[in-house]
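Asks: Here the protein sequences line up with chains U and G, keeping their order. Numbering follows full-length UniProt numbering, with no gaps: position 422 of the first sequence is 422. Numbering follows full-length UniProt numbering, with no gaps: position 95 of the second sequence is 95.
In short, the hints are calculated from the structure, not lab data. Don't be surprised by glycine CBs; every beta carbon is placed ideally from N, CA and C. Take these hints with a grain of salt, some might be off.
Here are the in silico distance ranges between beta carbons for each label pair [claimed, not checked]: (1) G:E19 / U:A269: 37 to 45 angstroms; (2) U:G15 / G:L369: 48 to 56 angstroms; (3) U:K336 / G:R218: 42 to 50 angstroms; (4) G:E378 / U:K17: 31 to 39 angstroms; (5) G:V350 / U:A230: 51 to 59 angstroms; (6) U:E349 / G:R252: 42 to 50 angstroms; (7) G:E198 / U:K74: 55 to 63 angstroms; (8) U:A269 / G:P145: 52 to 60 angstroms; (9) G:K231 / U:T236: 53 to 61 angstroms; (10) G:D172 / U:L180: 52 to 60 angstroms; (11) G:N76 / U:K17: 25 to 33 angstroms; (12) U:L231 / G:K231: 57 to 65 angstroms; (13) G:D371 / U:R183: 28 to 36 angstroms.
Not close to chain G: a few residues of chain U, all C-beta gaps over 12 angstroms, as computed [claimed, not checked]: (14) E121; (15) S147; (16) L148; (17) N161; (18) D251; (19) A328.
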Amino acid sequence: MLNRVEAPSFNAISGIKLIEPKEHRFSNGIKAFEFFADNQDLVRIEWIFKNKYEQEENPMLNTCLSSLIKEGTKSFTSAEIADKVDFYGAYLMPEYSYDHTSLTLYTLTKHSATLLPLIKEILTEATLPQKELDTYIRNNKQKLQVSLQKNDYIARRYFYNHIFGKNRYGRTPDLGDYDLLTRDALANLYAKQFQPENCTLIISGNVSESLLQDIYQLFNEEWPASGQPALEVIPTFDSHIGKLIVEEKADSVQSAIRLGYPTINRTHADYPALQFVNTLLGGYFGSRLMKNIREEKGYTYGIGSAVASLLYNGFFTIATEVGTEVTAATLTEIEKEITTLRNELADVEEIELVKNYMAGSMLGSLESIFSHADKFKSALFSGMDLTYYERYLQQVKVMTPEKVQAIAKQYIDYDKLLKVVVGKL
Amino acid sequence: MVNYKKFTLDNGLRVLVHEDPTTAMACLNILYDVGARDESEDKTGFAHLFEHLMFGGSVNIPNYDAPLQRVGGENNAFTSNDITNYYITLPAANLETAFWLESDRMLSLAFSEQSLEVQRNVVCEEFKQRYLNQPYGDVWLKLRPLAYKTHPYRWATIGKELKHIEEAGMEDVKAFFYKHYNPQSAIMVVAGAVNFEEVKSLTEKWFADIPAGETYVRNIPQEPVQTEARKEIVYADVPLDNIFMTFHGPDRLADGYHAVDLISDILSRGQSSRLYRSLVKEKQLFSEINAYVMGSIDTNLFVLEGKPSEGISLEEGEAAIWEELERLKTDEITENELIKVKNKIESTMVFAELSILDKAMNLAYYELLGDANQLNLETQKYLAVTDAEIKKQAKTIFTKENSSTLYYYAKETEHAE
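Next up, chain U with everything else stripped away, as it sits in the complex:
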């Protein structure tokens, strides 16, 4: 007779093996890494540039630039660039994040070299046409108008403004800011940022020898170092935490809640342990916050917490959208969960579950060669190498109820969280 009550026996999770890249030497300052796998006929090439800022940091300029670089070069119009990329079934995606701006090419192996000259032009001879800037401004103002009607978006704005202050991490666009974007400022930033010395190149997938040669020719031989000194602007922070910000929205049927504050980032020895405590509190479907606030109370469709690592900072956050009538009750429950986490030892069983869950997640996150490259990137941009993940897994493995409590006491404090509510309280 089949025993359906008892769970089948299970195995410890093993086989987490990260692929080391092959580093290629470029003489112009580019740091180039290759991740090879031939099981799919795909290639991903990423040109990643560290963001540059003026003394007064205006991330809108960087966001706008990332969008405009493929809207015209010396030889090609915006339409021609779009046509070429689409014709080969490729995806060319500029992306802005807090610390980096990247241009990523996804393509079938057979077309992987075809678009390289075009990308070279985008990175070195973009014309940033005024007409395209005007279109960008027009369309993004409309997008922002829509976003400003979403409670969770408004809550996020308050959150970043207050935990970081007026810098690259804390500034968010107002409608009027778009009109202040100028072509000159963009051109200035473009010249500073898109230089070989500021570039990390990551080539992954079914990469052929001839593709590597083409890349080397175009992006090393034909792209001289700028010789510009690498000036670094370090952000200054102005954190307003511990307070409560409420924006009332009379028509809302749900309130957006966002709590949090700056915290340690990946470079700190406690970071993996903090990730562990975060997972247990709100980082997965079975977390305490989900169990209590969704699965027991039914206040929300979802609640989660996260710890994020930035180059010059890090932050902890809890976010949810709940029925307006249970907004206050939700805050009370969040406080209760944090108090319990700090004052009571967790069961060993829960700790073991979170350990296995996190190991399984790590294994599952290594699905393709591209994900191996992503892991490497995260470590690299925090100034570390792949040994970081060994330390991470080791720290997760040795977590105990006492350690969870100690980390919670040190890093998670309800009273000090910035609390934002948009909706009704």
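Assemble chain G onto chain U, guided by the hints.
Replies: Only chain G this time, still in chain U's reference frame:
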């Protein structure tokens, strides 16, 4: 190419196995052949609510999630108007845990009152979060009943209204389970670092003794051919006007489906697409515009939606869209343009093979459509579409009589007219 082997248990459960030794993970995907189209009109949103209840404990296992998380696994599910799909990914070494969990909830649920009560609330909050508390969030609650008059596609998966979810009772839950959740109406795909023989014996062990259950005969009123243009105007608290247009088109399995899907690509896939180039970039009539095909199994819909630029009326926007639709009927589609959209299909299909979960879900869906191997023939079908076929479809579909148009006005402009 997604290789697979298939077998069927005596109770009717169809099983497909895809071995992929390049990963250390496994995925178990179960598609149940039931969606919002199988609901009655006074109990809408039930298929989706039921999906939530499938996580509320089964007959022998009080908690579904924790045992899976304990072995390093994750799970989720989604409901559409056609299907309900559940999936687990976990380290392959612990595959049996997935069989244990999935077979028990196919056998029977715990039918816990507490779970029903909580999940009614959770789904109501989901309804609010996605459909009520978002600008334009309710558009499909309005557009579906405009485009469909008879077919159950006239309501959204989430349901017509909160009340239907609030009123769902335990008797409804039980009846729904016995009607739709049994081996006959399920397709299971196991993919990843798995072995066919191992999967076969695990399936025998865990699923073979589940009774086949009732046979459900689907009897859905089909949508009659639309014969006159429909139009609706709504005013809402949104910052910008928005236009939505739908046209009935070939069903997922009908001839012409692939041609129509390519039309949506010609119109709006990528930054080189016609609507983006012409209406956003050149004429600057829209700030954003999109065209897509719903891909429904029964009477399908082709959808266009866009936000006009400041100072452009919805009428002007609509006229510009019609101009582009007319162009499809008369002007030559250049060979380059056709190759372009086909190349994009080809690369997208290869990218979809990066993830074992995507492969498993696709195999299950194509098996439901009739034959999983159609997944591997899909690219060829797109490549075979001709310019003439596209013109023919454009002429058939893009007519006023076949159109439903929704003008979604920002409240401020209400008085300006």
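Asks: With reference to the structure, classify each hint as holding or not holding.
Replies: Quick rundown of the hints versus the structure:
For the hinted restraint 37 to 45 angstroms between E19 (chain G) and A269 (chain U), the CB-CB distance of approximately 41 angstroms keeps it satisfied. Between G15 (chain U) and L369 (chain G) the beta carbons are some 35 angstroms apart, a value that contradicts the proposed interval 48 to 56 angstroms. Distance hint check for K336 (chain U) and R218 (chain G): the Cβ-Cβ separation is about 48 angstroms, which falls inside the suggested range of 42 to 50 angstroms. For E378 (chain G) and K17 (chain U), the hinted distance range of 31 to 39 angstroms is satisfied, since their beta carbons lie about 34 angstroms from each other.
For the pair V350 (chain G) and A230 (chain U), the beta carbons lie near 39 angstroms from each other, so the given range of 51 to 59 angstroms is not met. Separated by about 46 angstroms at the C-beta atoms, E349 (chain U) and R252 (chain G) satisfy the suggested range of 42 to 50 angstroms. Under the hint 55 to 63 angstroms, the C-beta atoms of E198 (chain G) and K74 (chain U), about 59 angstroms apart, fit the expected range. In this structure, A269 (chain U) and P145 (chain G) meet the distance hint of 52 to 60 angstroms, their C-beta atoms being roughly 58 angstroms apart.
Roughly 56 angstroms separates the CB atoms of K231 (chain G) and T236 (chain U), a value that falls within the hinted 53 to 61 angstroms. At roughly 57 angstroms, the beta carbons of D172 (chain G) and L180 (chain U) sit within the given window of 52 to 60 angstroms. Remark: the range hint 25 to 33 angstroms for N76 (chain G) to K17 (chain U) is upheld by a beta-carbon distance near 27 angstroms. Checking the proposed 57 to 65 angstroms range against L231 (chain U) and K231 (chain G) shows it holds: the Cβ atoms sit about 59 angstroms from each other.
For the hinted restraint 28 to 36 angstroms between D371 (chain G) and R183 (chain U), the CB-CB distance of approximately 56 angstroms leaves it violated. Every C-beta of chain G lies more than 12 angstroms from that of E121 (chain U), the closest at about 16 angstroms, which supports listing it as non-interface. With 12 angstroms as the threshold on Cβ separation, the claim that S147 (chain U) sits away from chain G is violated: the shortest Cβ distance comes to roughly 9 angstroms. At roughly 7 angstroms, the least C-beta separation between L148 (chain U) and chain G is not larger than 12 angstroms, which violates its mark as non-interface.
Against the 12 angstroms criterion, N161 (chain U) stays outside the reach of chain G, whose nearest CB is about 21 angstroms from its own CB. The Cβ of D251 (chain U) sits about 6 angstroms from the closest Cβ of chain G, inside the 12 angstroms cut-off, so the non-interface label is violated. With a least beta-carbon separation of about 16 angstroms from chain G, A328 (chain U) lies farther than 12 angstroms from that chain, consistent with its non-interface assignment.
Consistency note: the structure conflicts with the earlier hints numbered 2, 5, 13, 15, 16, 18.
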